[in-house]
Amino acid sequence: MSSTSIPSKFDVAVVGAGPAGSATAYLLAKKGFKVLLVERGRGLGDKQLFGGRVYAQPLREVWPELDKEAPIQRWVTRERVSLVSGDKALTLEFKGGERKSFTALLPQLVAWMQRKAEQAGAIFATEATVDEIMFKDGKAVGIRSGNDVVYADVTVDAEGVNRLLLERAGIVPRLSPDHIALGVKEVLRTGSSQLEAAFGIGSDEGVAWVVVGDVTRGVPGGGFIYTNKDTVSIGVVIHLKHAINAIESGQLNNHVYELVEGFRLHPYFRNLWHGATISEYGGHLTIEGGLSFAPKRLVYPGLLVVGDAAGLLLSTGINYRGVDYAVYSGKLAAEAIEYAASHGGLTYDNLLEYERKVKDSFMYRDLVRHRAVEMLMNDPTMFSKLAEVFIGLFSQMFEQDYSVPTPYEAFTGALTEHNMSLNKLMSYMITAVRGL
Amino acid sequence: MSATVQATNKQSPEPKPMKLEDILQSDVWNVDEEPHIVVDYSKCEKCPTKPCIYLCPAGCYTLAGNRVVFSYEGCVECGTCRVICPMDAITWNYPKSGHGIMYRFT
Numbered sequence: 001m002s003s004t005s006i007p008s009k010f011d012v013a014v015v016g017a018g019p020a021g022s023a024t025a026y027l028l029a030k031k032g033f034k035v036l037l038v039e040r041g042r043g044l045g046d047k048q049l050f051g052g053r054v055y056a057q058p059l060r061e062v063w064p065e066l067d068k069e070a071p072i073q074r075w076v077t078r079e080r081v082s083l084v085s086g087d088k089a090l091t092l093e094f095k096g097g098e099r100k101s102f103t104a105l106l107p108q109l110v111a112w113m114q115r116k117a118e119q120a121g122a123i124f125a126t127e128a129t130v131d132e133i134m135f136k137d138g139k140a141v142g143i144r145s146g147n148d149v150v151y152a153d154v155t156v157d158a159e160g161v162n163r164l165l166l167e168r169a170g171i172v173p174r175l176s177p178d179h180i181a182l183g184v185k186e187v188l189r190t191g192s193s194q195l196e197a198a199f200g201i202g203s204d205e206g207v208a209w210v211v212v213g214d215v216t217r218g219v220p221g222g223g224f225i226y227t228n229k230d231t232v233s234i235g236v237v238i239h240l241k242h243a244i245n246a247i248e249s250g251q252l253n254n255h256v257y258e259l260v261e262g263f264r265l266h267p268y269f270r271n272l273w274h275g276a277t278i279s280e281y282g283g284h285l286t287i288e289g290g291l292s293f294a295p296k297r298l299v300y301p302g303l304l305v306v307g308d309a310a311g312l313l314l315s316t317g318i319n320y321r322g323v324d325y326a327v328y329s330g331k332l333a334a335e336a337i338e339y340a341a342s343h344g345g346l347t348y349d350n351l352l353e354y355e356r357k358v359k360d361s362f363m364y365r366d367l368v369r370h371r372a373v374e375m376l377m378n379d380p381t382m383f384s385k386l387a388e389v390f391i392g393l394f395s396q397m398f399e400q401d402y403s404v405p406t407p408y409e410a411f412t413g414a415l416t417e418h419n420m421s422l423n424k425l426m427s428y429m430i431t432a433v434r435g436l
Numbered sequence: 001m002s003a004t005v006q007a008t009n010k011q012s013p014e015p016k017p018m019k020l021e022d023i024l025q026s027d028v029w030n031v032d033e034e035p036h037i038v039v040d041y042s043k044c045e046k047c048p049t050k051p052c053i054y055l056c057p058a059g060c061y062t063l064a065g066n067r068v069v070f071s072y073e074g075c076v077e078c079g080t081c082r083v084i085c086p087m088d089a090i091t092w093n094y095p096k097s098g099h100g101i102m103y104r105f106t
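Just so you know, the sequences run in chain order Y and G. Read in order, the letters of the first sequence correspond to residues 1 to 436 in my numbering. Read in order, the letters of the second sequence correspond to residues 1 to 106 in my numbering.
Same shape as in the complex, but just chain Y:
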């Protein structure tokens, strides 16, 4: 951020050019606001990592040209959910066909969003790590990166899950493992024809696949698989609080990368990417229980918080929505700033419109409705036990020598085999069904 090339006063300074920040900057620049979008990476989406799937409709509200222009890898036409126990697996597949969600490589998708913001007239400052949000008399007045200072009427914090700036400002406490999970990902290059043959899909199809059970060695979390054009994104997500407990108790004595490798080489999955090379590896934190992670307010004098930093990410164990939530919160922030400007100025009272909009949105409603998932995620035994019992049931039903068990025998056999009482299973199921 060189002080010679960049003016020192803006209407809005947006910190972080991920999905949330880029959408905010794009919409405000389009409306004629003087916007600075600041990014610590090189402006190629090069700090971006996610699981692999984006829900399209909230993005279309910002970029109606999304379907035609965005770097979409594959539209998701098939949803698969697998329970895994040891080498055994139980898989359910749903074949849809609507263009509801797509797979993407986040660096490419975000680079597209960044270019949109720049083309709309936002000043895009790259390779600039913001050190602090500056406050004067309790109001945010701008940002500082090294010796460079930029003033703005409103600062939009889109710094992501790792909220160094909000922590430094005393707005949120230090990041705690309680509401945080770690995702570790491998991108496997297989080639498109091998990929389509292995997954049993056409060239215009894509798979989103959630895996529950043994892949995370009993630590609550799970695995994911997303098909790109000629690569497959795979990874595991583990709840950090439980990972720490599992290390302390000696249950987890593997390096976390070994979990991903165990998943890549799992006998049920490995033939899907046989012979593939790893073309990229990485890790990123994600939010479990967005509402508990959210700052007390989303609006402070001169400051709006959007995207992951605002806790706006839904994680139900089956559905993960982060990029679309981020973009949509950026849209609401931009609309609120526009509203404030046309209602007497960018005052705190006027900017509170953003908080009202978030609370009225599908995001907030869903985060409230899915709150029980937190309870679910907080019982470490439940995941592995449920997977074991269901796998056990199907094993009893299908793995036979002579005698065919009745469904009742298979069911009670599976329960006995895994030391599970019917009462306990029912209470788990009720929690699970309520939670999901």
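It is possible that part of the hints are untrue.
[What the hints assert, rightly or not] Here are the simulated lysine-lysine pairs, DSBU-like style, with alpha carbons at most 30 Å apart:
(1) K19/G to K88/Y
(2) K9/Y to K96/G
(3) K229/Y to K96/G
Hints are computed from structural coordinates only; laboratory data are not their basis.
Dock chain G against chain Y, hints included.
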């Protein structure tokens, strides 16, 4: 019989996990001269569990005997170590001026 088994084994050998250092060869960094993370080793000495050894996805924290050794160069900037450190031994910043990991496909 044993020949058949051998032949089968030859066709599909049990695949082995790669080493983390080999997996990390697929990534690209623009390494800063200054470390963006500083570890207070005096606190690590008193740490009973050292979860960083297991949970840093880039394996930046390793053990030399019983001592923690940290190297910042291969960091993927996820922030896990700062969140899990029970001793509050880690001063964590993002790299400056576009340095650090450069993802392309994730």
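Pairwise hint evaluation, K88/Y against K19/G, where the allowed Cα distance is 30 Å at most: This hinted pair holds, its Cα atoms lying about 26 Å apart.
Hint consistency between K9/Y and K96/G [alpha-carbon to alpha-carbon, up to 30 Å]: holds, 23 Å
Straight-line alpha-carbon gap K229/Y to K96/G, limit 30 Å: violated, 33 Å
Consistency note: the structure conflicts with earlier hint 3 alone.
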